[in-house]
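Those letters in the sequence shown? Residues 1 to 298, per full-length UniProt numbering, in order.
Keep in mind the hints are simulated off the structure, nothing from the lab.
Fair warning: there could be bad hints in the mix.
[What the hints assert, rightly or not] Each pair of labels, with its calculated beta carbon distance range:
#, residue 1, residue 2, range
1, Lys196, Gly227, 20 to 28 Å
2, Arg284, Arg224, 21 to 29 Å
3, Ser135, Thr251, 40 to 48 Å
[Claimed, not checked] Straight-line Cα separation of at most 25 Å, SDA-like style, residue types lysine to any residue; simulated pairs:
#, residue 1, residue 2
4, Lys38, Val121
5, Lys196, Arg186
6, Lys38, Arg105
7, Lys196, Gly227
8, Lys38, Asp163
9, Lys196, Val237
10, Lys196, Val121
11, Lys196, Thr85
12, Lys38, Arg157
13, Lys196, Asp136
14, Lys196, Lys38
15, Lys38, Pro153
16, Lys196, Ile80
17, Lys196, Gly249
18, Lys38, Ala123
19, Lys38, Arg160
Note that CB positions come from ideal geometry on N, CA and C, so glycine has one too.
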Amino acid sequence: MLGHTGHPAREVTAPVPSPPPHDVDVFGHWAARSLAEKLQRIDRPVVAMAAEFAEGNIGTHHDHPRGQIEYALTGVMTAITDDGTWVVPPRTALWIPARTMHQVRNWGPLSLRTLYLDMAVCAALPTGCRVFRVSDLLHALIVEMVAVPHEYPLDGREARIADLLIGELGRMPDVDLHAPMPQDRRLARICREVLKDPAAEHDLDHWAGIGGMARRTLTRQFRRETGLTFNEWRQQVRLLEALPRLAAGETVTNVALDLGYESPSAFTAMFRRTLGATPRDYLRTTTDGGAQARGGPG
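Full structure from sequences and hints, please.
Pasting the structure below:
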């Protein structure tokens with residue numbers, strides 16, 4: 001479940017032809033960047049904005065003084081921080097605590113809704129980034145929050161919507177779409193090499209050599225720092241690489257073979273074990289306006 005303390009982020013991008021929701025101003029690259037900076041200074045518990053980003057947009061490495069919720073109505077984004085990598089498909093959202101340095105990339109066109117939360121709200125949320133499911137109610141509240149004036153009355157309907165939205169955030173279950181980055185510099189060096197080519201099929205001795213450490217040290221230290229075995233972490237990296245490519249329209253066969261799987265069926269079996277659905281079914285449910293994404297345990 002989502003819930004404790006945090007530090008957030010910022011964004012960047014160029015417009016893409018996608019119709020905005022009714023009565024909502026949608027911003028592209030520079031306008032969104034300027035508005036995001038302005039919203040940090042508005043004295044409200046929650047302020048929201050909409051933005052459209054073109055395919056292949058890569059944001060700057062940045063942070064925000066307020067906590068941030070990134071929610072994609074359509075499209076898939078990847079967020080990278082010093083602590084790891086998160087992938088955010090539709091019907092899920094990303095929590096970024098205040099002052100967390102991060103960079104966001106979207107693969108296909110991205111229709112993004114962003115909430116900025118003041119520090120009193122952040123105190124009840126996690127201290128680290130989280131991907132979480134978005135219920136139908138929370139989806140409706142986010143869309144409605146984007147449509148209200150930024151400096152809404154604190155005693156009116158808009159404030160009640162904000163209060164309900166804040167309460168719903170703590171009820172949303174996490175989705176395991178994260179590959180943690182170890183803090184040990186030797187392990188981090190190994191992980192960066194894996195991230196460059198997730199399909200690489202080297203044995204454990206090869207990776208230990210890159211880190212300048214013994215095989216047993218790599219195995220023991222990696223689990224201690226990440227909670228995963230090295231092979232489990234590599235599989236998670238492959239999954240995180242696959243999701244945006246599948247959402248952008250690449251075939252299961254191409255993605256599976258590019259990522260080093262012997263066959264599309266082997267890739268599909270891994271995908272089903274991790275996310276509870278085949279790639280095709282998973283992407284259909286996460287892009288269906290009323291369906292809930294079937295993610296792993298939080």
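Hint check results:
1. Lys196 / Gly227: 20 to 28 Å: Roughly 23 Å apart at Cβ, these two residues keep to the hinted range, so it holds.
2. Arg284 / Arg224: 21 to 29 Å: At 39 Å between Cβs, range violated.
3. Ser135 / Thr251: 40 to 48 Å: For Thr251 against Ser135, whose Cβ atoms are near 31 Å apart, the range 40 to 48 Å is violated.
4. Lys38 / Val121: 19 Å, holds
5. Lys196 / Arg186: The given pair, whose Cα atoms are some 16 Å apart, holds under the 25 Å limit.
6. Lys38 / Arg105: 22 Å, holds
7. Lys196 / Gly227: Holds, at about 22 Å.
8. Lys38 / Asp163: 22 Å, holds
9. Lys196 / Val237: 11 Å, holds
10. Lys196 / Val121: Violated - the C-alpha atoms of Val121 and Lys196 are around 37 Å apart, more than 25 Å.
11. Lys196 / Thr85: 13 Å, holds
12. Lys38 / Arg157: The hint holds at about 23 Å.
13. Lys196 / Asp136: Roughly 37 Å separates the two Cα atoms, so the pair is violated.
14. Lys196 / Lys38: Not OK: Lys196 and Lys38 at ~36 Å, beyond 25 Å, violated.
15. Lys38 / Pro153: This hinted pair holds, its Cα atoms lying about 18 Å apart.
16. Lys196 / Ile80: 14 Å, holds
17. Lys196 / Gly249: Given pair Lys196, Gly249 holds - Cα atoms ~22 Å apart, limit 25 Å.
18. Lys38 / Ala123: 22 Å, holds
19. Lys38 / Arg160: Holds, because 23 Å separates the two Cα atoms, which is no more than 25 Å.
Comparing the model with each earlier hint shows violations of hints 2, 3, 10, 13 and 14; every other hint is respected.
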